[in-house]
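> The listed protein sequences correspond, in order, to chains A, B, C and D.
Note that my numbering has the first sequence beginning at 79, numbered continuously upward.
Note that my numbering has the second sequence beginning at 79, numbered continuously upward.
Note that my numbering has the third sequence beginning at 79, numbered continuously upward.
Note that my numbering has the fourth sequence beginning at 79, numbered continuously upward.
It is worth saying that the hints were derived from the structure and are not from the lab.
Since this is a predicted model, take the numbers as computed values, not measurements.
Yeah, the Cβ is synthetic: ideal placement off N, Cα and C, and Gly gets one too.
Any given hint could turn out to be false.
As the list claims (entries may be wrong) - These stretches of chain D come out as covered by chain A in the derived footprint (C-beta under 8 Å, 3 or more residues): (1) 179-187; (2) 214-227; (3) 254-268; (4) 331-337.
Unchecked claim - Each pair of labels, with its calculated beta carbon distance range: (5) Thr-307(B) with Lys-175(A): 43 to 51 Å; (6) Arg-126(A) with Pro-308(B): 36 to 44 Å; (7) Gly-127(C) with Ala-237(B): 46 to 54 Å.
Protein chains: 4
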Amino acid sequence: MSKVKVGVAGYGVIGNRVAGGVVLQDDMELIGVADIAPTLAVRALKERGMPFPLFAAIPGAETALDEAGIPVAGSFDDLLGEVDIMLDASPGGVGAKNKEHYVRAGVKAVFQGGESAEIADVFFHGTANYEQGLGVDYLKLTSCNTTGLIRAVDAVPQAVGVSKTFITIIRRVADPGDTHRGLTNVLQVEPIPNHQAVDLMRVIPEIDATGMLIHTPVTHGHIITLSVTPKQAMSVASALEAFHAYPRIKVVRIADGFDSAASLFQWARDLENPSADL
Amino acid sequence: MSKVKVGVAGYGVIGNRVAGGVVLQDDMELIGVADIAPTLAVRALKERGMPFPLFAAIPGAETALDEAGIPVAGSFDDLLGEVDIMLDASPGGVGAKNKEHYVRAGVKAVFQGGESAEIADVFFHGTANYEQGLGVDYLKLTSCNTTGLIRAVDAVPQAVGVSKTFITIIRRVADPGDTHRGLTNVLQVEPIPNHQAVDLMRVIPEIDATGMLIHTPVTHGHIITLSVTPKQAMSVASALEAFHAYPRIKVVRIADGFDSAASLFQWARDLENPSADL
Amino acid sequence: MSKVKVGVAGYGVIGNRVAGGVVLQDDMELIGVADIAPTLAVRALKERGMPFPLFAAIPGAETALDEAGIPVAGSFDDLLGEVDIMLDASPGGVGAKNKEHYVRAGVKAVFQGGESAEIADVFFHGTANYEQGLGVDYLKLTSCNTTGLIRAVDAVPQAVGVSKTFITIIRRVADPGDTHRGLTNVLQVEPIPNHQAVDLMRVIPEIDATGMLIHTPVTHGHIITLSVTPKQAMSVASALEAFHAYPRIKVVRIADGFDSAASLFQWARDLENPSADL
Amino acid sequence: MSKVKVGVAGYGVIGNRVAGGVVLQDDMELIGVADIAPTLAVRALKERGMPFPLFAAIPGAETALDEAGIPVAGSFDDLLGEVDIMLDASPGGVGAKNKEHYVRAGVKAVFQGGESAEIADVFFHGTANYEQGLGVDYLKLTSCNTTGLIRAVDAVPQAVGVSKTFITIIRRVADPGDTHRGLTNVLQVEPIPNHQAVDLMRVIPEIDATGMLIHTPVTHGHIITLSVTPKQAMSVASALEAFHAYPRIKVVRIADGFDSAASLFQWARDLENPSADL
Numbered sequence: 079m080s081k082v083k084v085g086v087a088g089y090g091v092i093g094n095r096v097a098g099g100v101v102l103q104d105d106m107e108l109i110g111v112a113d114i115a116p117t118l119a120v121r122a123l124k125e126r127g128m129p130f131p132l133f134a135a136i137p138g139a140e141t142a143l144d145e146a147g148i149p150v151a152g153s154f155d156d157l158l159g160e161v162d163i164m165l166d167a168s169p170g171g172v173g174a175k176n177k178e179h180y181v182r183a184g185v186k187a188v189f190q191g192g193e194s195a196e197i198a199d200v201f202f203h204g205t206a207n208y209e210q211g212l213g214v215d216y217l218k219l220t221s222c223n224t225t226g227l228i229r230a231v232d233a234v235p236q237a238v239g240v241s242k243t244f245i246t247i248i249r250r251v252a253d254p255g256d257t258h259r260g261l262t263n264v265l266q267v268e269p270i271p272n273h274q275a276v277d278l279m280r281v282i283p284e285i286d287a288t289g290m291l292i293h294t295p296v297t298h299g300h301i302i303t304l305s306v307t308p309k310q311a312m313s314v315a316s317a318l319e320a321f322h323a324y325p326r327i328k329v330v331r332i333a334d335g336f337d338s339a340a341s342l343f344q345w346a347r348d349l350e351n352p353s354a355d356l
Numbered sequence: 079m080s081k082v083k084v085g086v087a088g089y090g091v092i093g094n095r096v097a098g099g100v101v102l103q104d105d106m107e108l109i110g111v112a113d114i115a116p117t118l119a120v121r122a123l124k125e126r127g128m129p130f131p132l133f134a135a136i137p138g139a140e141t142a143l144d145e146a147g148i149p150v151a152g153s154f155d156d157l158l159g160e161v162d163i164m165l166d167a168s169p170g171g172v173g174a175k176n177k178e179h180y181v182r183a184g185v186k187a188v189f190q191g192g193e194s195a196e197i198a199d200v201f202f203h204g205t206a207n208y209e210q211g212l213g214v215d216y217l218k219l220t221s222c223n224t225t226g227l228i229r230a231v232d233a234v235p236q237a238v239g240v241s242k243t244f245i246t247i248i249r250r251v252a253d254p255g256d257t258h259r260g261l262t263n264v265l266q267v268e269p270i271p272n273h274q275a276v277d278l279m280r281v282i283p284e285i286d287a288t289g290m291l292i293h294t295p296v297t298h299g300h301i302i303t304l305s306v307t308p309k310q311a312m313s314v315a316s317a318l319e320a321f322h323a324y325p326r327i328k329v330v331r332i333a334d335g336f337d338s339a340a341s342l343f344q345w346a347r348d349l350e351n352p353s354a355d356l
Numbered sequence: 079m080s081k082v083k084v085g086v087a088g089y090g091v092i093g094n095r096v097a098g099g100v101v102l103q104d105d106m107e108l109i110g111v112a113d114i115a116p117t118l119a120v121r122a123l124k125e126r127g128m129p130f131p132l133f134a135a136i137p138g139a140e141t142a143l144d145e146a147g148i149p150v151a152g153s154f155d156d157l158l159g160e161v162d163i164m165l166d167a168s169p170g171g172v173g174a175k176n177k178e179h180y181v182r183a184g185v186k187a188v189f190q191g192g193e194s195a196e197i198a199d200v201f202f203h204g205t206a207n208y209e210q211g212l213g214v215d216y217l218k219l220t221s222c223n224t225t226g227l228i229r230a231v232d233a234v235p236q237a238v239g240v241s242k243t244f245i246t247i248i249r250r251v252a253d254p255g256d257t258h259r260g261l262t263n264v265l266q267v268e269p270i271p272n273h274q275a276v277d278l279m280r281v282i283p284e285i286d287a288t289g290m291l292i293h294t295p296v297t298h299g300h301i302i303t304l305s306v307t308p309k310q311a312m313s314v315a316s317a318l319e320a321f322h323a324y325p326r327i328k329v330v331r332i333a334d335g336f337d338s339a340a341s342l343f344q345w346a347r348d349l350e351n352p353s354a355d356l
Numbered sequence: 079m080s081k082v083k084v085g086v087a088g089y090g091v092i093g094n095r096v097a098g099g100v101v102l103q104d105d106m107e108l109i110g111v112a113d114i115a116p117t118l119a120v121r122a123l124k125e126r127g128m129p130f131p132l133f134a135a136i137p138g139a140e141t142a143l144d145e146a147g148i149p150v151a152g153s154f155d156d157l158l159g160e161v162d163i164m165l166d167a168s169p170g171g172v173g174a175k176n177k178e179h180y181v182r183a184g185v186k187a188v189f190q191g192g193e194s195a196e197i198a199d200v201f202f203h204g205t206a207n208y209e210q211g212l213g214v215d216y217l218k219l220t221s222c223n224t225t226g227l228i229r230a231v232d233a234v235p236q237a238v239g240v241s242k243t244f245i246t247i248i249r250r251v252a253d254p255g256d257t258h259r260g261l262t263n264v265l266q267v268e269p270i271p272n273h274q275a276v277d278l279m280r281v282i283p284e285i286d287a288t289g290m291l292i293h294t295p296v297t298h299g300h301i302i303t304l305s306v307t308p309k310q311a312m313s314v315a316s317a318l319e320a321f322h323a324y325p326r327i328k329v330v331r332i333a334d335g336f337d338s339a340a341s342l343f344q345w346a347r348d349l350e351n352p353s354a355d356l
């Protein structure tokens, strides 16, 4: 069986991980990634010997990439001509423009968290509404925060059911090394409801959700508190059991040293994981 | 009518404000404050011309205070001999030791948030259980976080009632200028339930409360999210009305610029308030 | 003798202090301040009962100010019609545009640190080149960092002289409460030389200066290290004596508790200074 | 030729890297590491399948390690009985106590930066005084900051020479995930001279060094500014050439994106390095 040919648009913090993930799949082939400038991430790709090709994401990007000594494999259209599907990890709003190229080139696409939900046929979560995503051409993924918290809510067995949830997102405001955004000694609040509550209701419409988001001056990990009201009584033991059974939820204990968001980053580092990712 | 004679134990961030508050009361006389070392706050007292006397809070403290040029009015027992009541703002655990002196000297006392609830006859909140504090000799105040959140819960009219609440405390980890404690790029969690939920149930036993506390690397202000379940339905308008009617709750709007904990500090600063306090 | 009539453009962190300073002068009268929006600082002015009038800094600004209930005393041109001199504390670049109005209205002006040096007749420091500023119509002040470090360099007696200096600026990146800029867990460097070294050489051309600037994620105070090479040997004692003699230099000791930039903010707070300013 | 048998005392942030480094050497064999508690780093060792044995660093440590399910290979004395040399990365002060065991067991040792210089025969830097370390039994390494800055000073060719240097250390105050220490919104200064200047003069006595250290609230990387006075004139080009020629100095350009300490961490992460280390 032939492999699915995949391209990645945007080689930043997300695109980097997405590309690495594609490389690990047996049934996919990474044709290349596209970016617009010789960022540190792109320079690191060259330092690593270009394990996969880089394409110029916009006309004219070749100039600066050439000057930085980065080999450019071709234009964005060249990339689209070779792939079956694009994974779009470009900054919020750029994906919407890219979609026009995808439609014209007859290429399917999955858009990352930064785009508006309207960009795609289905607002997609890997477990909670997986079936809805089958067979459609354009998916938009829930953001990382929403993806994680939906797992916790969706882990409640259907026999129990959830009537409502109150979500407090305590959000890191920047990625490590970011200088174009950040907060200093500030806890910043956003209007209620947070977009994660709204997004949860798009994916699981029968739950009544609201909540608040607070940006905090840290770079490693978010913390989310959830007050989930089950339709039927549920013991702590059965809740823990449900968490253990659900894919991609890791239950940790404060007493074991997991007492902060950063301790999970530290855990990945102690495991000597590449990029200190989990 | 004679004024109540008041002493303050501990002249740090809290004792400083407590002493300033006593000075503003028509029916109180501030006899003096007590501390153990020539801290910046104590040096500032001298710079201000000693608006009230300083006593040595422990034997031997005079030496370092003398060396720093701080006038010492007498010993801790000297202070106790002149007052009717002590407001104890010493570090957690010290108040318990001080209480022995208060009992021996026949002096009443109010203890600040850092002590355990067992130190006093009543675990006291200025509005929610005010009547319970009348006539007793030793009060322990709820901590600043608990004091504030109880106001919000207690603001719900009794005709409506509250059955339970889920509390997320997003806490600044240090005071401005602290070098003896702090967090850097870390959101630290504490075991559930947070002490504020436990304390709420001491003051208002009929409410079922739990929640989580997250320490964040900021110095100005805490943010608390509350999911409060009323016994009867309550509109947003009536909730706002209840907040406006309750003493010491200020309702602000994100749209007006109050979009962070630090904006309230900034507000106090723009008002040119002494010490930039609200 | 009639008082100098003064207006202030921009009522932010700097304009706020500048206006407060003018009010304290016996030989000046504050006609008013101008701003473009109902910021927290402007709302605080109203909360304080409008101790001085506010003017709309740009046409159309009245609308939003009116909606926020802020009384508007008139237009920017109205303000210029009443003053002898403007103190311009508007954001970098805006002062250059405002200058056209000042020239047209025949009004003198002093520009704050954010503008380019070319905006004015003299790039002015209150002690190091005071005489150069006499009699000219437009002054541009050195930035706060440069103002402070020039004091330290200028404190070296002329009989000793300074040949060169190496300046490391360890800069707070934002004001308290800022959400439009900030850094999180990042020390950001700027290209050498820092603008403070360049500015120093504009004010004191005979000194050879260079240095580096590092933005740090704090909001209270900068720290500057200076390696100053005197032309003749100088003892530590005579250097300290020179610092004590120079206006607006405060010599403090780490051992007394002044062990951080924030401790000076804390000192101002402990002095119960309005706005916790020094 | 038989391999040198190596043990590591202390499996924290430093011990972790030291152990990993030993594993990579062809002429060394890592016998095991020793620690006192089931920290996250130790738990990660188990998660990785115990690539090398763990010994109990103090009597009684087995209990907590056993309870956490960590296999314990033996006591500290057991480890000492098998090795030729110990690399001691235990917390400051512990190394001095461990040394007594090393002497008794006839084992050589290298101590990390946290110990006092007196613990060893030679205060050692890998290039600047390499010869002095040959043949002695106990070495104490310079701290990470001192190690780096000595490289920059030592890179100046001997034909040019260095007369003096002024060192400003802008130091991250904590490791990622630390909750036992940290600073929040504070730049903290230490008394002059900083220990790095003192240590530099121990290693290269002919240079006159002083400087200042400022702790900053970040977790990734220190920044050091050096004003180095050469004995003879030196061009920027020849200085750059000297840096390029010196081992373990990497010259980077702000224009390429290396504009912060964190950008070097980000670079390591983009290279997909294990643990995101450089």
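> All hints are to be evaluated individually against the structure, with a verdict given for each.
Hint-by-hint comparison with the structure:
1. 179-187: Contact hint for the region 179-187 of chain D vs chain A: violated, 0 residues under 8 Å.
2. 214-227: violated (count 0)
3. 254-268: Contact hint for the region 254-268 of chain D vs chain A: holds, 5 residues under 8 Å.
4. 331-337: Held - the region 331-337 of chain D has 4 residues with a Cβ nearer than 8 Å to chain A, which meets the minimum of three.
5. Thr-307(B) with Lys-175(A): 43 to 51 Å: Taking Cβ atoms as reference, Thr-307(B) and Lys-175(A) lie about 45 Å apart, which means the hint holds.
6. Arg-126(A) with Pro-308(B): 36 to 44 Å: About 58 Å separates the Cβ atoms of Arg-126(A) and Pro-308(B), which means 36 to 44 Å is violated.
7. Gly-127(C) with Ala-237(B): 46 to 54 Å: Because 38 Å falls outside the window, the suggested range is violated.
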